[in-house]
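> Take a look at the letters that make up each chain.
There are 2 protein chains.
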Amino acid sequence: MERCSTILDIRRFVSGQKRAGKTVAFVPTMGALHAGHRSCIDIARKAGDCLVVSIFVNPTQFGPNEDVDSYPRVIDEDLARCREWGCDAVFSPSVPEMYPESQTVWVEPGRAAEPLCGRTREGHFRGVTTVVGKLFSVVEPDVAVFGQKDAQQATVIREMVRQLNLPVRLLVSPIVREEDGLAFSSRNRRLTRDERRRAVALHHALGHGLEILSGGEINPRKICEAVIKRLNDDGVDRVEYVELLRVPDLTGIERVEGKVLLAAAVHVGSVRLIDNRVVQITADGHVSEAPLFDVD
Amino acid sequence: MERCSTILDIRRFVSGQKRAGKTVAFVPTMGALHAGHRSCIDIARKAGDCLVVSIFVNPTQFGPNEDVDSYPRVIDEDLARCREWGCDAVFSPSVPEMYPESQTVWVEPGRAAEPLCGRTREGHFRGVTTVVGKLFSVVEPDVAVFGQKDAQQATVIREMVRQLNLPVRLLVSPIVREEDGLAFSSRNRRLTRDERRRAVALHHALGHGLEILSGGEINPRKICEAVIKRLNDDGVDRVEYVELLRVPDLTGIERVEGKVLLAAAVHVGSVRLIDNRVVQITADGHVSEAPLFDVD
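Residue numbers (our numbering), protein chains in the order written: chain A, 184 to 479; chain B, 184 to 479.
Derived from the structure by calculation, the hints contain no laboratory data.
One or more hints might be untrue.
A pair counts as met if it fits within one copy or between any two copies, since identical chains are not told apart.
To be verified - Under the rule of at most 25 Å between Cα atoms (straight-line distance), these lysine to any residue pairs were calculated in the SDA-like manner:
| # | residue 1 | residue 2 |
| --- | --- | --- |
| 1 | Lys-201 | Val-454 |
| 2 | Lys-201 | Glu-394 |
| 3 | Lys-442 | Glu-284 |
| 4 | Lys-205 | Leu-191 |
| 5 | Lys-412 | His-386 |
| 6 | Lys-412 | Ile-395 |
| 7 | Lys-205 | Lys-405 |
| 8 | Lys-229 | Arg-341 |
| 9 | Lys-442 | Leu-191 |
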């Protein structure tokens with residue numbers, strides 16, 4: 184496995200692969216790799232001849248009061264996992280390598296960035312689209328894989344790729360969960376034992392919302408209120424948002440129908456956690472789990 | 184020569200060229216081609232194995248009160264010239280091909296977009312960076328050529344390429360002038376005979392500014408005021424701006440030194456014209472014409 188820490192090095196690696204006629208699959212990450220990343224990596228390995236993973240905690244997607252400094256960084260562990268999981272190259276640049284000057288050119292995200300985290304994390308998605316745009320320009324992948332846990336992020340990036348005509352195909356990996364149902368997240372490492380026990384409330388509350396929906400409730404507000412109540416009852420420290428939105432455009436809905444995203448963000452101790460479920464409601468009211476993106 | 188009007192077609196053409204090991208040089212234009220474009224095309228032909236020209240009057244770079252509708256469109260004439268000038272492919276998409284949905288994702292330009300046209304044409308450079316970003320993603324050129332007449336545009340695009348790590352090399356073609364010194368521009372077609380006669384004042388006034396500078400004047404404000412006076416005396420209908428800025432970052436200066444851009448925008452009749460000169464001032468006060476970009 185190649186390890187590249189400069190743009191020049193990863194460009195050389197990728198152009199060598201392309202000259203050999205290989206397609207490039209790419210998984211951008213912020214490191215602290217877990218089973219969720221592994222799922223993305225497994226999908227990417229099958230989607231391209233050559234697999235590149237980036238590890239970069241991107242400062243421009245964190246707000247001034249957010250956890251960029253306490254975000255877990257375990258590069259040696261990550262490199263071992265990338266090797267074990269069959270990556271061909273890891274791109275792990277420094278902050279000055281990615282941002283040698285103060286960034287003033289931005290990829291401004293579109294409508295999908297407005298709800299959910301877009302309302303509570305100002306500037307977050309602009310940082311995401313800009314760094315992903317930069318990484319795409321550096322790695323020039325044929326296909327890139329994102330995790331469904333960050334469903335809005337994947338949707339924002341899909342809108343960017345479509346509207347800027349970026350020559351990359353996007354795939355989404357399903358959410359991978361720990362044994363009790365908590366979605367894998369790099370931030371889970373920062374939970375205390377008590378917080379970890381309480382964090383599973385997020386998974387249970389979303390499940391509760393889907394049960395209500397399956398029971399025939401079509402008022403999105405009522406479903407979200409029930410989820411919020413359950414989260415508070417189950418002892419999360421703060422509910423940031425719970426929303427039910429139309430898929431794929433993440434617009435608000437008056438009644439639940441078609442494909443929808445039930446998404447929530449909560450705080451447990453000092454840790455912010457997000458999770459979501461995507462379901463399809465058929466005309467006769469049957470509810471089933473559905474992929475975030477339809478296959479192109 | 185290939186003529187492609189869809190993104191799919193030009194991508195097929197380019198990927199065929201790349202598979203054959205050829206490098207791609209690209210000249211994006213809004214058509215109504217003239218000797219200034221020809222100079223860009225000549226530079227591009229030498230810089231790459233295969234030469235692609237785009238012809239697209241980009242609506243997102245025109246303001247609501249600007250001349251998008253009256254901008255000259257002469258596609259048959261343009262195609263004949265591209266053939267004659269040795270282009271390998273012309274990409275001439277429709278507006279819906281480039282903007283199939285309302286554009287909400289933008290490439291937000293950086294500091295170079297702030298002065299000059301950035302102050303008088305709100306949103307102009309955002310439209311330019313977004314469409315050039317899209318065209319780069321579609322054509323995937325190795326090298327692209329821009330004209331120095333749009334010196335700020337070239338600088339804005341260079342800042343975008345650098346900060347977004349776009350894998351393209353930029354070249355700038357010098358300004359090409361008609362016999363009396365007026366810079367070639369697609370908009371010159373719209374001048375009446377009387378306006379055309381008066382339009383050369385722009386060239387003369389910039390020359391006057393450089394004479395004052397060569398005479399030892401180092402106060403940028405005094406030089407700009409003299410240029411403005413000359414423009415008004417010579418009968419242009421409105422002076423939009425005259426500014427003297429540092430090259431390459433287009434920031435304001437207290438005294439003239441190093442490499443500077445003297446740029447002006449005026450209105451003659453209903454036509455808006457821009458022109459500029461780039462000069463280098465040596466430590467001993469010698470002034471000479473200089474390229475906008477240093478060769479990488």
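> Check each numbered hint from earlier against the structure, then list the numbers of those it violates in ascending order.
1, 2, 7 and 9
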